[in-house]
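Start counting the sequence shown at 0; every next residue gets the next number (numbering that gives the first Met the number 0).
Mixed in with the good hints there might be a few duds.
Unchecked claim - Quick list of simulated restraints, FRET-style, between CB atoms: (1) A490 / A303: 30 to 36 Å; (2) A71 / D215: 27 to 33 Å; (3) K98 / R42: 50 to 56 Å; (4) D256 / P317: 57 to 63 Å; (5) G241 / G442: 51 to 57 Å; (6) A275 / E74: 46 to 52 Å.
To be verified - Pairs of lysine-lysine residues, derived as DSS-like cross-links and limited to a Cα-Cα distance of at most 25 Å, are as follows: (7) K314 / K521; (8) K257 / K98; (9) K282 / K314; (10) K418 / K482; (11) K521 / K418; (12) K162 / K314; (13) K135 / K290; (14) K466 / K151; (15) K64 / K45.
Don't read these hints as lab results, they were simulated from the structure. Yeah, the Cβ is synthetic: ideal placement off N, Cα and C, and Gly gets one too.
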Amino acid sequence: MRSSVAAIAAVLALSAPALTPAVALAAPAAKSDVAPSIDTMKRLVKELSSDAYEGRAPGTVGEEKTLALLTAEFEKLGLKPGNKGSWFQDVPLVEITAKNVSPLSFTGGKAPITAAYGPEMVIGTYRTTQPRIEVKDSPVVFVGYGINAPEKGWNDYAGLDVKGKTVLILVNDPDYQTPGLTGPFNGRAMTYYGRWTYKFEEAARQGAAAAIIIHDTEPAAYGWNVVQSSWTGSQHVADNPGGNADQSAAIGWIQKDKAAALFADAGLNLDQQMAAAKQKGFKAVPLGAIKANVSFDNDLRKHASKNVVALLPGKTRPDEYVLYSAHWDHLGHCQAAPDGDDICNGAVDNATGTAALVALAQANVKAGPSDRSQVFLAVTGEESGLLGSAYYGNNPVFPFSKTVGGVNMDALSVAGLAKNVVVIGKGKSQLDAYLDRALGAQGRVATLEPTPEKGYYYRSDHFSFAKHGLPMLYFEGGEDLVKGGTAAGMAAAEDYTEHRYHGPKDEYDPNWDWTGVAADLKLYYDVGRALANTTEWPNWVDGDEFRAIRDKDRAGK
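Using the sequences and the hints, build the whole thing.
Okay, here's the thing in structure tokens:
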């Protein structure tokens with residue numbers, strides 16, 4: 000491990016635009032002889048992703064077993080229950096299980112168009128008090144990317160009344176195919192306007208009866224198999240006052256080929272309309288006399304899933320906190336594989352991150368108390384839309400004004416050691432300098448996302464905390480593998496996305512290469528330990544979207 004002044008200075012020079020030297024130099028080095036245990040990781044990932052946990056869906060026996068395992072591990076290490084003497088924070092949810100789902104049918108065109116539930120479309124609802132949803136004879140409108148962004152002068156709903164109508168929406172941003180990171184929506188880098196969650200939120204604000212996203216693999220960043228496995232079976236929704244009655248009655252996705260047939264039925268060309276939607280000033284296009292129809296029944300079950308909150312008290316400033324987060328949940332039973340296996344075990348996603356919380360706690364206990372307290376937060380409902388982290392964000396057990404920052408762990412790479420790590424949101428916060436220093440000690444580097452159009456910044460739990468101003472660091476194992484280079488790394492990532500991500504084959508494999516996990520865990524440890532022992536308060540960089548929120552929160556501390 001390199002620890003020379005010259006090496007540290009070189010790393011600090013690379014990160015200078017993001018962090019003042021005073022802050023970076025104040026960050027103490029982590030204890031170099033302590034490293035998180037890979038044996039602990041292997042044991043816990045294998046256990047958490049076993050069939051006995053049935054895919055760790057919220058509100059199931061899989062949740063019960065996961066909570067029991069985590070609390071036993073944290074208690075064995077000597078950590079304290081973090082929530083006023085309890086290990087848990089209740090997260091009110093409603094489980095919605097659709098049944099008797101009709102096809103999504105369109106009439107009024109040249110010929111009826113029907114999309115079958117599962118292979119051609121998926122459908123659901125956010126409404127938590129309606130046992131039956133029916134959309135009948137709803138006029139259909141193509142609203143392009145479904146964006147209303149006044150600050151960008153962009154409104155796909157301009158002059159349009161969609162109350163009672165079904166809107167068809169494109170996923171991602173209008174400029175996602177633009178080379179580089181400049182454009183009305185940051186070029187290739189997805190903004191929140193590109194996320195499917197935003198599409199449904201905006202459609203609801205506009206009063207749409209139904210909102211259907213047209214699936215396209217490139218801008219969605221995953222194939223139809225992921226949509227199908229994620230959207231079929233029981234779904235979980237936040238149990239909000241009013242039962243989410245302000246949301247569209249039906250939300251879902253439709254295969255692009257089926258959408259193209261629908262457009263043709265209305266005398267339109269989907270590819271031409273997609274191209275038009277990329278242009279500023281695009282006007283929504285009604286699909287003539289075509290009407291949408293779909294219905295389904297819902298089994299509704301209210302329950303309180305749980306976040307796990309474990310505390311390792313600090314020795315000199317125990318009322319200041321460093322946060323480590325990872326989601327423990329996965330999809331439970333899902334679309335069966337050809338061999339009949341219908342358990343989405345979630346070994347990589349995210350038994351690895353969950354196990355990392357325990358391994359990091361174990362390492363910090365071994366190193367002895369840090370100055371600040373450390374919080375190990377395992378959240379629920381990430382796969383359903385960041386539900387557990389969103390609840391914590393709105394109801395923090397430890398005030399964000401007293402939390403210095405943190406790291407989020409989601410799907411650690413088991414492809415082997417890489418020369419780099421990919422920082423999701425690189426350059427957004429002064430935490431980058433802490434990571435650069437830890438990387439320098441390993442002879443590795445931080446790089447930008449190779450596929451920023453996939454919008455990973457908005458797809459994991461750190462986003463729930465960043466929205467409240469808390470600086471969060473989220474990075475993934477890099478693609479430039481020591482063995483095989485970038486070609487091997489990209490191939491491994493693509494293979495996982497295509498064949499295992501959100502499917503029954505995301506299972507523990509004794510042949511995994513853990514060298515990359517070991518190195519990345521050491522980074523999490525070094526960054527977290529440095530934050531726990533410094534007196535500094537790293538912030539978002541000037542001009543970042545979350546900077547003003549953080550400054551206001553800290554000013555009122």
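Between A71 and D215, is the Cβ distance one that fits in 27 to 33 Å? Since A71 and D215 have Cβ atoms about 45 Å apart, the given range 27 to 33 Å is violated.
Can you confirm whether the C-alpha distance between K521 and K418 stays at or below 25 Å? holds (14 Å)
Between the beta carbons of K98 and R42, is the distance compatible with 50 to 56 Å? For R42 against K98, whose Cβ atoms are near 39 Å apart, the range 50 to 56 Å is violated.
Keeping to a limit of 25 Å between CA atoms, is the pair of K162 and K314 held or broken? violated (57 Å)
Run the distance test for K418 versus K482: straight-line Cα separation, threshold 25 Å. Between K418 and K482 the Cα gap is close to 10 Å, so the pair holds against 25 Å.
Under the criterion that the straight-line Cα-Cα distance not exceed 25 Å, is the pair K257, K98 satisfied? holds (22 Å)
Keeping to a limit of 25 Å between CA atoms, is the pair of K135 and K290 held or broken? At roughly 8 Å apart (the allowed maximum being 25 Å), K290 and K135 satisfy the hint.
Given hint K45 paired with K64 - CA-CA distance at most 25 Å: holds (14 Å)
Evaluate the given range 30 to 36 Å for the C-beta pair formed by A490 and A303. For A490 and A303 the Cβ distance comes to about 42 Å; the hint is violated.
Outcome of range test on Cβ distance (G241, G442; 51 to 57 Å): holds (54 Å)
Can the suggested window of 57 to 63 Å be confirmed for the beta-carbon pair D256 and P317? holds (58 Å)
Is 46 to 52 Å a correct range for the gap between the Cβ atoms of A275 and E74? At roughly 59 Å between Cβ atoms, E74 and A275 fall outside 46 to 52 Å, so the hint is violated.
Comparing the model with each numbered hint stated earlier shows that hints 1, 2, 3, 6, 9, 12 do not hold.
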